[in-house]
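The lines below spell out each chain.
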Amino acid sequence: MSRGIRTSAALLLGLVVVVSVLAPLLSPYRRDAIDLDRIAAPPSPEHALGTDRLGRDVLTRLLYGGRYTLLVAGLSVAVASALGIVLGAAAGWFGGAVDRSVSVCVDLFLSVPLFLVMLVAAAAAGGRLWTIPLVIGGMSWMETARVVRSRFASVRHEEYVEAARAAGAGGSRIVARHLLPQAAAPVAVAATAGLANAMLIESSLSFLGFGVQPPVPTWGNMLTGAVSMLRGAPVAALAPGLMIFVTCFAFNLLCSDRLAGLANRRPS
Amino acid sequence: MSRQIIRRLALAVPIVLLVSIAVFALLHLAPGGPAGIAAANPKASGEDIARIREHYGLDRPLPVQYLLWFRQTFLRFDFGTSYVTGRPVGEMIAQRLPATLELMGSALVLALIAGGVLGTLAAMRRGSSVDQLFMLGTTAGLSIPVFWLGLAAIYLFSIRLGLLPAGGREAIAAGGGGRLAHLVLPASVLAVAWCAAWSRYLRAGMVETLEGDFIRTARAKGLAERSVVLKHAMRGAALPAVTVLVMQLPALFTGAVITETVFGWPGMGRLFYEGLQRHDHSRVLGIVVISSLLIILMNTLGDILCMVLDPRVRPAPTEKGGAG
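As they're listed, the protein sequences go chains A and B.
Positions -6 to 261 (our numbering) are the ones given, in order, by the first sequence.
Positions 6 to 329 (our numbering) are the ones given, in order, by the second sequence.
Treat the hints with caution; some may be incorrect.
If you want the footprint, here are the derived chain B segments under chain A, 3+ residues with CB under 8 Å [claimed, not checked]:
| id | stretch |
| --- | --- |
| 1 | 20 to 33 |
| 2 | 231 to 244 |
| 3 | 300 to 313 |
It should be emphasised that the hints constitute simulated quantities derived from the structure, not laboratory data.
Backbone N, C-alpha and C fix where the C-beta goes; we use that ideal spot for every residue, glycine too.
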């Protein structure tokens, strides 16, 4: 992907983040304010994007929705990266039985219908802002673990590691100072793609009613039951999805060249 | 080679065991279930609820309940009875399977054709503006939430243009035309989603193959580029693509929860989703377990294919096979 495209993607993401952070200042109404005179209404001078089925301003909830959607995606990736780094590093550093157990774990997670299990877990976890990232991150760490493990395994016997050991560095110091920085780049790529994937998963869970629960708005849960709103208020039914698409597109453009098959686990 | 395969298949036992325990525990963690449904009914007395709990064995300790379910499922191959419909889960699955096969099968064929053509074209002109456009387009395709694509398609093609039905699956009795019309939108939406991923696998495999020595030889002996790509490179490039395809096959059974929900398609995905909404434990567990078994089987088959088709993979690699 050309430099120009990547720069525009980064700028767009910056804009989305700034607007989401500033949501309370920018939004015309309070987050959950209800306008009983206009329920599921099309756009009007008062409500630029119309209102939802409870009479809440769609533009306001779209702005706030960005905050929660990005927050959940960020937390999910943090959980996934932490798990992936720890498990991958352990597998690559210790090798042997530890490596084999981690590989069995990866096999386990790649052998289940992940989205269905996430739905079950999300239903049990009850759709709070902190439980959904645990569900998504807890089942999305495999790619990170794989790249960290292979990086560790390939540099473990390099001479500079031997040199560090000879200089008296302990295992934890070698891992932290010499091996982890080696894995930073692939972990960052996996995390960027992970952000897009986490957004798609969160919005899919929310669309089905098992994600973050209202009144907290996310772009996904604004679309729960949107099928029935398509006729009367198409803007309200389509705008949040457009935001998800644009933001995911920008994240994926940033790491697109390395994306051969990663994103294939998107829920359908 | 065979040792590796046996090891993978042997792993199926602990995997299915762990998955079923996890899902069983999660289902029972969630509030509700048959007793919960009865409790929501103001006419149900405490005695009624206790009787319902006893009837479904819910008064026993969880581990005992799990062991009973395990014995029933794996020793008698019986997935139990649905709390909601009162019918055997196996029968409900069998009833929904044709609709899912129809939807997923047509989406898969559409995605294969479109993805094959697009991936090959991009690989032939790699680095050109066509290729750039392909990468941009497939990245977009990978970033679209499937439910939103479905919503947009319904809005455009059935509400605005009035061309196609917005959802449902016409009964077979109504004849061929209506049935096809109902299939077009959901199958195309799924196909777009899959095609983006699949064509990229194909392009990646093709580009890698086109850099091989035998391709240079083929070109050097004066073969037309068309023939080089379609006859020589395709065989090498198809390998990772076929492996990926085989690993997608379990979806033919699992269905597509989101697409089926958006379009009101009566397939496995919705059977699962409705089961989860109504706390129909045996239904949810049954579908997850069968799906897991299918995924393990097809992953193993993908590995075998990879080894049979590509001699280079045979000397037991430590890294898992497949495209990267």
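Consistency of the hints with the structure:
1. Using a Cβ-Cβ cut-off of 8 Å, 7 residues of the stretch 20 to 33 of chain B lie near chain A, which meets the minimum of three, so the contact claim holds.
2. Remark: the stretch 231 to 244 of chain B is not confirmed as covered by chain A, as 0 of its residues place a Cβ nearer than 8 Å to a Cβ of that chain, below the required three.
3. Counting residues of the stretch 300 to 313 of chain B whose beta carbon lies closer than 8 Å to any beta carbon of chain A gives 3, which reaches the threshold of three, so the coverage claim holds.
Hint 2 alone, counting from the list given before, is not met by this structure.
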